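With the numbering used here, letter number 148 in the sequence shown gets 1115, and the count goes up by one each step, no holes.
If you are wondering where the hints come from, they were derived from the structure by calculation, not from laboratory data.
A quick note: this is a predicted structure, and the numbers were derived from the prediction, not measured.
The reader is advised that the hints may include incorrect statements.
Simulated restraints, written as ranges between beta carbons of each label pair [claimed, not checked]:
id, residue 1, residue 2, range
1, 1033, 1125, 54 to 64 Å
2, 1026, 982, 18 to 28 Å
3, 1116, 1033, 44 to 54 Å
4, 1006, 1068, 34 to 44 Å
5, 1066, 1032, 20 to 30 Å
6, 1121, 1073, 31 to 41 Å
Capping the alpha-carbon separation at 16 Å, the derived lysine to aspartate or glutamate pairs in EDC-like fashion look like this [stated by the list, open to error]:
id, residue 1, residue 2
7, 1092, 1052
8, 1017, 1043
9, 1017, 981
10, 1009, 981
11, 1009, 1052
12, 1092, 1053
13, 1017, 992
14, 1017, 1033
15, 1088, 1052
16, 1009, 1053
17, 1088, 1053
18, 1007, 981
19, 1104, 1091
20, 1017, 1053
Beta carbons are placed, not taken as given, at the ideal position from N, Cα and C, and that holds for glycine.
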Amino acid sequence: MGTLATLKEVPIFERHPTLYLDDGDVVLQAPISSPGQGEKQKFQLFCIQKALLIAHSVVFANLFADASANLGSRCDSRPLISMPDEVFDLSHLLLYLTDPSQYLLRSSHPDTALELYGAAKLADKYMMNTVRSAMVKRVAMDWPTTRDEWDARQTGIQNLRSKAVLDRPRPGKRPRKLILALRTPEPVSAIMFA
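Work the whole structure out from these sequences, hints included.
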């Protein structure tokens, strides 16, 4: 019976589908969920390049410099670092570091502020000042700062809405209502981000 109890306590590790890189040299582990009674703890694993973290963060630079002799736990023969952060926020921070075009090349996306809100907080926590500033600028890009910019934006949205109202099924293409939703930033998330 003691064996069964210990098997239930063995956590589940899931590799992130896009952020577990073959050329990574450090594994970050973040909790996906807190275990309920009788449930196993789940962790998301991210395998990325140490140099990327060191280049952007004094905190990580010091961590790796201080722990270069022995980082303790290992995963896939790489050092394993347990992160206390929310997995959603950590994944978007790492995605921003590894592929910022995911955010920079999509204008007025409704989820940008939601995705970068926690990531920006983590960038601040890990002293990634340049990264945090870039995230703030990216979210601000979706929102006009002058009356003329606001009017131009509203005109563009009205044009999309009028096309959406006249929408007819188009084989192999997205409905225009969906296109409108994907090109209109969500104001509540932007307010929370601010």
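Can you confirm whether the C-alpha distance between residue 1017 and residue 992 stays at or below 16 Å? 6 Å, holds
Status of the given 54 to 64 Å range, CB of residue 1125 versus CB of residue 1033: 56 Å, holds
Taking the beta carbons of residue 1026 and residue 982, is their distance inside 18 to 28 Å? With a Cβ separation near 24 Å, residue 1026 and residue 982 satisfy 18 to 28 Å, so the hint holds.
Check whether the Cα positions of residue 1017 and residue 1043 lie no farther apart than 16 Å. The given pair, whose Cα atoms are some 15 Å apart, holds under the 16 Å limit.
Taking 16 Å as the top limit, are the C-alpha atoms of residue 1009 and residue 981 close enough? Given pair residue 1009, residue 981 holds - Cα atoms ~7 Å apart, limit 16 Å.
Given the hinted pair residue 1092 and residue 1053, is their alpha-carbon gap at most 16 Å? Distance of about 13 Å is within 16 Å: holds.
Next pair to validate is residue 1088 with residue 1052; report whether the Cα-Cα distance is within 16 Å. 10 Å, holds
Would the hint linking residue 1009 and residue 1053 be met if the CA-CA limit is 16 Å? Holds - the C-alpha atoms of residue 1053 and residue 1009 are around 12 Å apart, at most 16 Å.
Quick check on a hinted range of 44 to 54 Å for residue 1116 and residue 1033, using CB atoms only. 47 Å, holds
Taken at face value, is the distance from the CA of residue 1052 to the CA of residue 1092 at most 16 Å? Within the cut-off at roughly 10 Å; holds.
Has the given pair, residue 1007 with residue 981, been kept, meaning a C-alpha gap of at most 16 Å? Satisfied, since the Cα-Cα distance of roughly 12 Å is no more than 16 Å.
Between residue 1006 and residue 1068, is the Cβ distance one that fits in 34 to 44 Å? 37 Å, holds
Comparing the model with each numbered hint stated earlier shows that hints 6, 9, 20 do not hold.
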